[in-house]
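Add chain B to chain A, keeping to what the hints say.
There are 2 protein chains.
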Amino acid sequence: MQMLRTTDADFEAKFTRIVRDRRESDANVGRDVTGILNEVRERGDAALVEYTMRFDEHRLTDDADWRVPAADCKTAYDALDSDLRKALHLAADRIRAYHEAQLPQDRDYTDAAGMRLGARWNAVDAAGLYVPGGRAAYPSSLLMNAIPAKVAGVERLVVATPTPRGQTNDLVLAAAHIAQVDEIWRVGGAQAIAALAYGTKRIGKVDVVTGPGNAWVAEAKRQLYGVVGIDMVAGPSEILVIADKDNDPEWIAADLLSQAEHDPTSQAILITDDLTLARMVADTIDLQLMTLPTAKTARASWDNHGVIVLVESLDQAPALSDRLAAEHVELAIADPQAMFDQLRHAGSVFFGRHTPEAVGDYIAGPNHVLPTGRRARFASGLSVLDFMKRTSFIDASQAALAAVGPAAIRLAEAEGLPAHAHSISVRLK
Amino acid sequence: MQMLRTTDADFEAKFTRIVRDRRESDANVGRDVTGILNEVRERGDAALVEYTMRFDEHRLTDDADWRVPAADCKTAYDALDSDLRKALHLAADRIRAYHEAQLPQDRDYTDAAGMRLGARWNAVDAAGLYVPGGRAAYPSSLLMNAIPAKVAGVERLVVATPTPRGQTNDLVLAAAHIAQVDEIWRVGGAQAIAALAYGTKRIGKVDVVTGPGNAWVAEAKRQLYGVVGIDMVAGPSEILVIADKDNDPEWIAADLLSQAEHDPTSQAILITDDLTLARMVADTIDLQLMTLPTAKTARASWDNHGVIVLVESLDQAPALSDRLAAEHVELAIADPQAMFDQLRHAGSVFFGRHTPEAVGDYIAGPNHVLPTGRRARFASGLSVLDFMKRTSFIDASQAALAAVGPAAIRLAEAEGLPAHAHSISVRLK
Numbered sequence: 001m002q003m004l005r006t007t008d009a010d011f012e013a014k015f016t017r018i019v020r021d022r023r024e025s026d027a028n029v030g031r032d033v034t035g036i037l038n039e040v041r042e043r044g045d046a047a048l049v050e051y052t053m054r055f056d057e058h059r060l061t062d063d064a065d066w067r068v069p070a071a072d073c074k075t076a077y078d079a080l081d082s083d084l085r086k087a088l089h090l091a092a093d094r095i096r097a098y099h100e101a102q103l104p105q106d107r108d109y110t111d112a113a114g115m116r117l118g119a120r121w122n123a124v125d126a127a128g129l130y131v132p133g134g135r136a137a138y139p140s141s142l143l144m145n146a147i148p149a150k151v152a153g154v155e156r157l158v159v160a161t162p163t164p165r166g167q168t169n170d171l172v173l174a175a176a177h178i179a180q181v182d183e184i185w186r187v188g189g190a191q192a193i194a195a196l197a198y199g200t201k202r203i204g205k206v207d208v209v210t211g212p213g214n215a216w217v218a219e220a221k222r223q224l225y226g227v228v229g230i231d232m233v234a235g236p237s238e239i240l241v242i243a244d245k246d247n248d249p250e251w252i253a254a255d256l257l258s259q260a261e262h263d264p265t266s267q268a269i270l271i272t273d274d275l276t277l278a279r280m281v282a283d284t285i286d287l288q289l290m291t292l293p294t295a296k297t298a299r300a301s302w303d304n305h306g307v308i309v310l311v312e313s314l315d316q317a318p319a320l321s322d323r324l325a326a327e328h329v330e331l332a333i334a335d336p337q338a339m340f341d342q343l344r345h346a347g348s349v350f351f352g353r354h355t356p357e358a359v360g361d362y363i364a365g366p367n368h369v370l371p372t373g374r375r376a377r378f379a380s381g382l383s384v385l386d387f388m389k390r391t392s393f394i395d396a397s398q399a400a401l402a403a404v405g406p407a408a409i410r411l412a413e414a415e416g417l418p419a420h421a422h423s424i425s426v427r428l429k
Numbered sequence: 001m002q003m004l005r006t007t008d009a010d011f012e013a014k015f016t017r018i019v020r021d022r023r024e025s026d027a028n029v030g031r032d033v034t035g036i037l038n039e040v041r042e043r044g045d046a047a048l049v050e051y052t053m054r055f056d057e058h059r060l061t062d063d064a065d066w067r068v069p070a071a072d073c074k075t076a077y078d079a080l081d082s083d084l085r086k087a088l089h090l091a092a093d094r095i096r097a098y099h100e101a102q103l104p105q106d107r108d109y110t111d112a113a114g115m116r117l118g119a120r121w122n123a124v125d126a127a128g129l130y131v132p133g134g135r136a137a138y139p140s141s142l143l144m145n146a147i148p149a150k151v152a153g154v155e156r157l158v159v160a161t162p163t164p165r166g167q168t169n170d171l172v173l174a175a176a177h178i179a180q181v182d183e184i185w186r187v188g189g190a191q192a193i194a195a196l197a198y199g200t201k202r203i204g205k206v207d208v209v210t211g212p213g214n215a216w217v218a219e220a221k222r223q224l225y226g227v228v229g230i231d232m233v234a235g236p237s238e239i240l241v242i243a244d245k246d247n248d249p250e251w252i253a254a255d256l257l258s259q260a261e262h263d264p265t266s267q268a269i270l271i272t273d274d275l276t277l278a279r280m281v282a283d284t285i286d287l288q289l290m291t292l293p294t295a296k297t298a299r300a301s302w303d304n305h306g307v308i309v310l311v312e313s314l315d316q317a318p319a320l321s322d323r324l325a326a327e328h329v330e331l332a333i334a335d336p337q338a339m340f341d342q343l344r345h346a347g348s349v350f351f352g353r354h355t356p357e358a359v360g361d362y363i364a365g366p367n368h369v370l371p372t373g374r375r376a377r378f379a380s381g382l383s384v385l386d387f388m389k390r391t392s393f394i395d396a397s398q399a400a401l402a403a404v405g406p407a408a409i410r411l412a413e414a415e416g417l418p419a420h421a422h423s424i425s426v427r428l429k
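Protein sequences, first through last, are from chains A and B.
According to the UniProt record's numbering, the first sequence is numbered sequentially starting from 1.
According to the UniProt record's numbering, the second sequence is numbered sequentially starting from 1.
Chain A extracted, bound-state conformation:
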């Protein structure tokens, strides 16, 4: 962890280094992934069989090797502890409610020139959701990706997930049951993304692919952008806590560690104007790490990427926060609304002292798939819009065409596109 003070002579240089630090693996997987995509495009299921044997030690032979049947999801769901089942349902219900209110409105109006104009939204036909294997297979991620797709109206929702040595994840299957996933394919990695994008004999192609994954999965999505729609490429998680002196250091320490435990490359940053709080939070983190079961990961993150910024006044916080454009920003201050009004770049903001970021990960309702790596400057969290597209429409009456057509003809002529001009002038004779 490094502690910076805005009064330090080298503050600007140090803070700039933190803003620029990408923390993302520049794993040079581009060529490997290109090869995998080509193989799956050309050889389809045969390539999937080979890669799945090689990477997951799972043999794809019978239907049961290829797909997890819906009945297995139901079985996993039925076997859940009742409090866990209720928690998943509460999360699903709240996520659904938030995303239903996100559905866009169609437009249809006639303007002063007598031209009817508008736009209509439709869901994509099919969406593919990648669910990583191993420790990053979170049922909450499945809900956060699948529910917006279903709310958008996607008719065919497909999950692809690796099942190393045949092992499935019961929590994920139970979540798939709740989210009413239509198909679950037991393939992973870049080869799974290729199968979703291009389609194979067994796996029908989809229109949009979302969901987290390792460097190969992320690179495959990047390379297939344009063949299918994708969600934003995601990097390690981040939290920025802006806290005044009136905070319990236990709470703030817990919040910082809640992101640090995700990954050694995660980043937790505290901005405060109170040196005593800063010191107590640092000490409390050390104490909490002594008993935290995920301490190994959390300590690596905190030691290498943790930052405490001591400001002279919290008035300095919004500008620093905007430069960080963090995925998660907690405003543990007396008047969070006033500071929120000054922020421009953040994935999601958590108001006040009783909104720990983890509430947003699971149960609040807004999506937990959020822009990382300073991408909140230009990107948004996952939403129903990622599973929809807009068709604009124009309906000109004869009179409306007569009114605006001559100007369009003039522009087409100026651009050297005479057939454009003619398609209008031929109607004005």
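Among the hints, a few may not be true.
Same chains, same names: a pair is fine if it fits in one copy or spans any two.
[To be verified] Pairs of lysine-lysine residues, derived as DSS-like cross-links and limited to a Cα-Cα distance of at most 25 Å, are as follows:
(1) K429 with K86
(2) K205 with K429
(3) K86 with K74
(4) K14 with K205
(5) K205 with K86
(6) K14 with K201
(7) K150 with K86
What the hints contain is simulated information worked out from the structure, not anything from laboratory work.
Just chain B now, kept in the frame of chain A:
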């Protein structure tokens, strides 16, 4: 041109081939572009000077070599013919009106659990708009990209455009004046996209890059996706006209040629249930090509990619149209609304007999930057949303956290994330 009939035995095979035909250059420019991006990232302006000399034969020395001053845009604007100036203003006003109505609404509500939830939209700080040199430098494209950015609230709107041998395009400069572009940099190609995304000493970096370009520009945008936001990668233009027998073949022929004249790889398709109309349109296209100044391009497009599909009934048209997912769909039929209601995948739809597609290119108001190459399955036309991003927010009262917190704790425990659980439980003591 090929004529297909749905009653042909090989119709399905032939139509599938048309749907799959990408028409896009698979120019293998990936490695060249990677090299250019790295050079600009590492050497900044010096790399721009070298590439601009090499590719554009333009020497970047003084400020005037680097930038087109606002005064030059004003001069170009003042020198316009008055009818052309009026046409540009009418287009700009109508584009602005359509996009202003597109601005998204913020959300802010408190739900039954007492949790305040919402989302707020902000413009990105800066946007870069690429304007190609040569014959593809269209003032209409500048308006269609720049106005949504300005309507979104982007404070710094930057144009990058090559000026081969120092030549600027007066029409584009006049349009930049109307759209109130803030900076115009005389650089082009992948090096311009790199400069916009990474920033150099002279050119401040932007958050979003949009605009058309050649294969190098498109590849540069693809590779920089995630460093900045980008609009959809665009391919050759397309039009699908669905027409019944009650059409003037002159009009339909003109509409098909209006897309064919864009590029030899553009595609014009007619679906009709009337053999007589089909034949007359084909003949009329041949006639119009005899006098069309852009006949060379249009003929190449029509000969190689033009299609007429003769259906038994126009009831078959929506399903075929959805498979094509065309950029532009004209419904030259008696009841366009009824067919529109059946369509799912199209970039923009033009209703009835008096709405030629070219009206949408220039003057109607909706954006003419639309998904090509079947991407209307998952992508939308350019909009103010491409220059904005959404920050969600959560504000839990102590009571709300007490109500939903335990479920979140249970989920965090199940996912093996104890610090997440602790950040909530520590507040419930």
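Now the hints, each set against the structure:
Taking identical chains as interchangeable, the C-alpha atoms of K429 and K86 lie at most 25 Å apart only when they sit on different chains, with a minimum of 22 Å there against 69 Å within one chain. Proximity of K205 to K429 under the C-alpha cut-off of 25 Å is found in neither arrangement, the shortest distances being 48 Å within a copy and 50 Å between copies. Proximity of K86 and K74 under a CA criterion of 25 Å is satisfied intra-copy only: 15 Å inside one chain copy versus 65 Å between copies. Taking the closest pair of Cα atoms, K14 and K205 come within 25 Å of each other only across two copies (20 Å); inside a single copy the shortest separation is 47 Å, beyond that limit.
In this assembly of identical chains, K205 and K86 lie within 25 Å of each other by CA distance neither inside one copy nor across copies; the values are 34 Å within and 48 Å between. For the identical chains of this complex, K14 and K201 are inter-copy neighbours only, at 20 Å across copies versus 54 Å inside a copy, given an alpha-carbon limit of 25 Å. Proximity of K150 and K86 under a CA criterion of 25 Å is satisfied intra-copy only: 20 Å inside one chain copy versus 47 Å between copies.
Violated hints, listed in ascending order, are 2, 5; each of the other numbered hints is respected by the structure.
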